[in-house]
Amino acid sequence: MLNPVSAPAPHAPLLSVQGLGVTYETGAQGFWGRPKSFDALQDISFDLKAGETLGLVGESGSGKTTTGRAVLRRIKTSAGKIVFKGNDITRTDGEALRKLRRNMQLVFQDPYSSLNPRMRVIDIVAEPLLVHGLIRHVDEARDRITELLRVVGLPADAHDRFPHAFSGGQRQRIGIARALALQPEFIVADEPVSALDVSVRAQVVNLMQDLQKELGLGYLFIAHDLSVVRHISHRVAILYAGRMVEIADRDDLYDHPIHPYTEALLSAVPVPDPRTQRQRKRIVYGGEVPDLVNPPPGCRFSTRCPLVTDQCRKDAPKLSERSPRHLVACWNR
Amino acid sequence: MAIPMPVTTPVATTRKATQRPSMMAKLDELGRELWQDKLGTLGFTVIVALVLMAIFAPLIAPYDPAAQSVMSRLKPPAWLPKGSWEHLFGTDHLGRDVLSRVIYGARASLIVGVLVVFFAGTFGVVLGLWSGFKGGRTDAIIMRIVDVQVAFPGLLLILLVISVIGPSMTTMVIVLAVTNWMVYARVVRGIVLSVRQTPYVEAAEMIGCKTSRVIFRHILPNLTSPLLTLGILEFTNIVLAEAALSFLGLGVQPPATSWGLDVANGRDYIFVAWWLITFPGLSIATTVLAVNLFASWVRVTTDPQEREKRFAYQRAKAAARSKRRQPTSAARSHGGRT
Amino acid sequence: MNISAMSNNEPLLEIDRLKVEFDTRRGLVQGLRGVSLSIGRGETLGVVGESGSGKSVTAQAVMGLIDMPGRIASGDIRWKGRSLLGAEGERYARDIRGKEVAMVFQDPMTSLNPVLRIGTQIGEVLERHLGMTRKQARTRSEELLAAVGISAPGRRLDQHPHEFSGGMRQRVMIAMAIACEPQLLIADEPTTALDVTIQAQILELLAELQQSLGLSIVLITHDLGVVAGLCHRVAVMYAGQIIETGLAEDVFERPAHPYTQGLLRSTPRLDEVSDRLISIDGTPPNLVTPPDGCSFQQRCPLSGEACKKAPQLAHIRPDAEAACWQPSTPAWATPLMSPSISH
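Chains as they are written, first to last, in numbering that gives the first Met the number 0: chain A, 0 to 332; chain B, 0 to 337; chain C, 0 to 342.
The hints are simulated quantities; they were obtained by calculation from the structure and are not laboratory data. None of the values given here were measured: they were computed from a predicted structure. For every residue, glycine included, the Cβ atom is placed at its ideal position computed from N, Cα and C. Treat each hint with caution, since some may be false.
Here are the computed distance ranges between Cβ atoms for each label pair [claimed, not checked]: (1) A:N293 with B:D146: 28 to 38 Å; (2) A:S193 with C:P317: 34 to 44 Å; (3) C:P290 with A:K212: 31 to 41 Å; (4) A:N293 with C:D15: 47 to 57 Å; (5) A:L306 with B:K209: 49 to 59 Å; (6) C:P317 with A:D290: 45 to 55 Å; (7) A:H163 with C:P290: 18 to 28 Å; (8) A:D290 with C:T288: 44 to 54 Å; (9) C:R24 with B:T137: 38 to 48 Å.
As a list, the in silico DSS-like pairs of lysine-lysine whose alpha-carbon atoms are at most 25 Å apart [unchecked claim]: (10) C:K18 with C:K79; (11) C:K307 with C:K18; (12) B:K37 with B:K308; (13) B:K133 with A:K98; (14) A:K75 with A:K35; (15) A:K98 with B:K209; (16) B:K37 with B:K25; (17) A:K317 with A:K75; (18) B:K133 with A:K75; (19) C:K308 with C:K18; (20) A:K35 with A:K313; (21) B:K308 with B:K322; (22) B:K133 with A:K35; (23) A:K80 with A:K317; (24) B:K322 with B:K37; (25) C:K18 with B:K316; (26) B:K209 with A:K75; (27) B:K37 with B:K316; (28) A:K84 with A:K98; (29) C:K18 with B:K308; (30) B:K322 with C:K18; (31) B:K25 with B:K308; (32) B:K209 with B:K133.
Could you build the full structure based on these sequences and the hints that come with them?
Now the structure itself:
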């Protein structure tokens with residue numbers, strides 16, 4: 000398997016995110032009222048190389064989905080820079096943004112609601128080609144679609160069927176085929192297997208890995224399942240309440256977690272082996288993810304952290320490098 | 000809690016139902032399902048009969064509805080003493096044949112109903128789409144307009160406009176359309192807001208679809224079934240409104256006919272000749288009832304979960320019936336299915 | 000932890016060859032196809048399966064929640080030896096459901112009434128089932144919230160469900176379920192909607208309650224990891240049948256059925272790195288027309304002539320059963336690559 004540590008970087012990263020921030024408005028109070036706002040995401044930075052997978056892990060409210068949508072320029076950013084293949088795309092909009100879609104695509108979580116139930120498979124997969132003017136009629140793309148469907152492991156006669164005739168795993172393959180139609184270099188996969196049945200997840204994970212090897216795709220793999228992330232990622236970032244708390248190469252992060260939150264998260268994941276599971280030391284911290292509208296000052300984990308000091312409550316720690324390529328945001332570790 | 004729906008489990012894709020059934024097969028299935036629902040079938044039959052009656056009125060009606068005859072004024076229906084088979088439903092104070100007037104009267108109701116539903120629907124759907132899709136200030140303004148107009152008494156507005164412009168069929172259609180579009184805008188906006196959140200609409204935007212394509216290809220098709228039910232129910236409202244306006248003398252003008260107009264004409268003779276208001280009145284009631292019966296079938300049919308439930312109830316009923324008929328084979332009462 | 004503490008006395012709940020059918024427009028869906036289970040006192044049983052395997056339908060049948068278009072076609076459910084089906088059974092069932100058997104659902108938001116205070120909702124259970132006065136119910140509710148690890152329970156009683164986070168709501172649901180001191184708690188995917196760290200908290204809570212109250216628990220889940228931590232026994236369901244059952248350690252260490260083997264090897268593990276996952280091709284069968292013979296045969300690498308006849312659950316060890324003609328045969332070799340890609 001590709002080892003990102005020893006692989007020298009021959010050129011600039013495919014995607015570089017620097018200090019990304021997203022501010023959400025909570026809706027205006029009344030017709031003329033001034034909208035309130037809060038920071039859903041603060042100071043997110045990472046690089047992604049072609050052929051590499053960055054796993055983005057966090058619990059609900061951590062901002063992992065927001066990060067994926069912001070990088071794809073689906074939602075407005077309030078701070079920072081997104082550089083894709085050397086071009087700053089932070090302010091790209093209109094027709095240029097539409098063109099950009101050819102290079103970056105999204106695979107959705109829910110294979111049931113992400114396919115239009117009223118469109119045939121061929122219409123779904125060919126739609127990207129159609130709207131970008133690469134073909135004028137769906138029938139022109141028949142051979143190309145057949146090839147795409149074969150690549151994602153769907154039967155050749157899938158063309159004229161509607162999504163309801165397919166199972167969850169097969170629908171997810173249709174979604175992947177749609178994302179691949181424009182031959183993008185970068186794909187955001189937003190929890191692509193969490194809605195699938197256990198026995199089908201492996202099929203999709205394997206498919207995504209094969210596609211990456213063959214096409215050199217860069218993945219931003221968003222998930223809450225740390226086991227799947229460990230399997231597919233080269234590098235892993237942990238988000239908590241809108242901030243990045245730790246980012247490192249995969250084995251480094253799983254074997255030597257530094258941030259107390261990462262530790263707790265890893266210990267909370269159950270292992271399907273009763274003997275191991277019963278012996279594992281579980282670190283269970285009480286409390287809940289803080290309310291983002293009124294976040295605690297300082298470190299956002301300070302309300303649950305056992306190591307908390309006065310400094311944590313006052314000042315937010317910045318990410319700093321503890322060992323090569325291993326960055327942590329914590330005052331006490 | 001929700002019904003467990005094992006039907007949503009992945010169904011083997013190879014054996015059957017891999018492709019959408021053809022149009023004919025679908026119609027056939029719908030017809031069968033309608034037949035199972037006796038009230039729905041009744042409603043549908045009456046509607047079809049009414050439509051045919053309106054279209055072929057000149058062929059069915061025994062007389063010209065406007066033809067007066069002083070000789071045969073206020074004749075009672077045929078089955079009463081002094082009634083004659085020449086005028087089945089009797090005649091009115093000008094000697095016009097009530098049956099013929101009822102048959103021709105269907106035209107006014109149906110035409111006004113269909114036209115108003117079409118115009119009000121189109122206008123409301125467009126504004127609802129715009130409002131829901133744009134959101135923000137646009138949405139707020141359109142919805143406030145809707146609120147204001149809903150709050151304003153519709154009948155008052157209609158009276159005002161008609162007394163200024165003067166009554167006619169066209170005026171009535173326009174006025175009714177202008178006062179009945181709000182419900183469509185509200186419903187459509189609500190659906191657009193929820194459909195916009197669905198991942199496949201986001202997917203369409205992600206792959207680079209332009210706004211118009213997103214709206215017409217991905218959002219609009221979701222509106223068909225709720226709009227169908229709404230349109231059918233609104234139709235009954237319009238039929239009643241048409242009757243009311245004609246009754247007030249602000250709708251259909253003589254010599255044209257309308258059920259509402261006839262009820263108004265017969266009002267003065269209510270104690271002498273009850274049939275003058277009874278038959279047009281019954282026609283209005285029958286139409287409204289039939290449309291409502293049919294609409295309630297449509298509503299259930301377009302809701303997948305309700306549709307499954309109805310299916311199961313009907314099966315259970317059929318099973319119980321066959322059990323009663325042959326108590327010996329009760330154990331395998333379910334064997335007859337395919 | 001002493002996990003082999005299994006009492007030999009009569010089982011609490013017995014499910015006997017239960018069949019549940021759903022009459023749909025697409026045909027008769029056989030939701031459960033002869034499921035037999037039994038749960039003893041103080042025991043934790045994990046029921047594992049994918050969506051559509053029938054694991055939730057089993058729980059719903061016990062709780063009397065099978066509604067149109069579904070119905071129980073045959074079989075029996077017995078609580079302490081007495082049937083819960085039929086006219087007399089229904090009456091008996093009304094007495095024990097919610098009282099001796101309680102259930103916790105996946106989504107706590109839909110099971111709580113959003114307009115009523117938490118205290119009112121717990122109090123209602125206590126007043127109805129145990130005939131407490133309002134004052135007694137309030138005191139008891141406070142104790143219950145404290146028992147499920149909610150701090151400041153007195154203040155929390157006066158709050159509405161939306162003021163609780165997902166994990167807290169699930170704690171409230173558990174508090175309501177244990178309000179009448181049930182002997183059996185059925186938990187249907189209790190942690191699926193929750194985050195990992197919150198899931199760990201809830202599982203910890205269930206384990207504690209089981210110890211302190213001597214509860215029996217049926218834990219229904221698709222997550223093998225959740226079962227591994229909490230359950231004494233495991234039943235694996237596939238296509239409306241139980242295909243393997245045994246002690247948790249045994250099933251995880253020596254899975255006998257090819258499906259169980261595949262499930263365990265296709266799930267990535269936190270503590271292991273592998274290059275490639277085993278993948279079980281295909282999808283579960285259509286339950287309108289389930290295949291003759293073994294329901295896993297289309298996806299099974301071992302399937303042969305024998306599998307055209309349906310295998311029954313049979314003992315493979317004293318404490319373990321599997322429904323397979325070749326149990327305990329390693330079924331999955333090293334995986335192959337997907338079809339190659341020329342783009």
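Hint check:
Distance hint check for N293 of chain A and D146 of chain B: the Cβ-Cβ separation is about 33 Å, which falls inside the suggested range of 28 to 38 Å. Taking the beta carbon of each, S193 of chain A and P317 of chain C are about 38 Å apart, inside 34 to 44 Å as hinted. Hint check: P290 of chain C to K212 of chain A, Cβ distance near 35 Å, so the stated range 31 to 41 Å holds. Taken as a hint, the range 47 to 57 Å holds for the pair N293 of chain A and D15 of chain C, whose Cβ atoms sit roughly 55 Å apart.
Here the CB-CB span from L306 of chain A to K209 of chain B is close to 52 Å, well matched to the stated 49 to 59 Å. Checking the proposed 45 to 55 Å range against P317 of chain C and D290 of chain A shows it holds: the Cβ atoms sit about 54 Å from each other. About 22 Å separates the C-beta atoms of H163 of chain A and P290 of chain C, a value consistent with the hinted range of 18 to 28 Å. Hint check: D290 of chain A to T288 of chain C, Cβ distance near 51 Å, so the stated range 44 to 54 Å holds.
Distance hint check for R24 of chain C and T137 of chain B: the Cβ-Cβ separation is about 42 Å, which falls inside the suggested range of 38 to 48 Å. A hinted pair counts as satisfied when its Cα atoms are at most 25 Å apart, and K18 of chain C with K79 of chain C qualifies at roughly 20 Å. For a cut-off of 25 Å, the pair hint linking K307 of chain C to K18 of chain C stands: about 21 Å separates their Cα positions. Restraint check for K37 of chain B and K308 of chain B: the C-alpha separation of about 17 Å stays at or below 25 Å, so the hint holds.
Between K133 of chain B and K98 of chain A, the direct Cα distance comes to roughly 23 Å. Compliance with the 25 Å bound is thereby established for this hinted pair. At roughly 16 Å between alpha-carbon atoms, K75 of chain A and K35 of chain A fall within 25 Å of each other, so this suggested pair holds. For the proposed pair K98 of chain A and K209 of chain B, the alpha carbon gap of about 11 Å is at most 25 Å, so the pair holds. At most 25 Å may separate the alpha-carbon atoms for a hinted pair to count; K37 of chain B and K25 of chain B meet this at roughly 20 Å.
At most 25 Å may separate the alpha-carbon atoms for a hinted pair to count; K317 of chain A and K75 of chain A meet this at roughly 24 Å. Between K133 of chain B and K75 of chain A, the direct Cα distance comes to roughly 17 Å. Compliance with the 25 Å bound is thereby established for this hinted pair. Simply put, K308 of chain C and K18 of chain C have alpha-carbon atoms about 19 Å apart, close enough for the 25 Å limit, and the pair holds. In summary, the hint linking K35 of chain A to K313 of chain A is supported, as the alpha carbons are separated by about 23 Å, within the 25 Å threshold.
About 21 Å separates the Cα atoms of K308 of chain B and K322 of chain B, which keeps this hinted pair within 25 Å; it holds. Proximity of K133 of chain B to K35 of chain A is assessed by CA-CA distance (about 21 Å); at most 25 Å being required, the pair is judged to hold. Between K80 of chain A and K317 of chain A the CA atoms are separated by roughly 18 Å; this keeps the pair inside 25 Å, and the hint holds. The suggested pairing of K322 of chain B with K37 of chain B holds, with an alpha-carbon distance near 21 Å, which does not exceed 25 Å.
Distance check on the hinted pair: K18 of chain C and K316 of chain B sit about 21 Å apart at the alpha-carbon level, within 25 Å; holds. Taking the CA atoms of K209 of chain B and K75 of chain A, the gap is about 19 Å. The hint holds against a cut of 25 Å. Distance hint between K37 of chain B and K316 of chain B is fulfilled; the C-alpha atoms sit about 14 Å from each other, no more than 25 Å. Restraint check for K84 of chain A and K98 of chain A: the C-alpha separation of about 14 Å stays at or below 25 Å, so the hint holds.
Annotation: proposed proximity of K18 of chain C to K308 of chain B holds, straight-line Cα distance about 20 Å (limit 25 Å). A distance of roughly 21 Å separates the Cα atoms of K322 of chain B and K18 of chain C; the hinted pair therefore holds under the 25 Å criterion. Of the supplied pair hints, the one linking K25 of chain B and K308 of chain B holds, its CA atoms being roughly 19 Å apart against a limit of 25 Å. Pair hint K209 of chain B plus K133 of chain B holds up; C-alpha atoms about 14 Å apart against a cutoff of 25 Å.
Going through the hint list in order, the structure satisfies each hint without exception.
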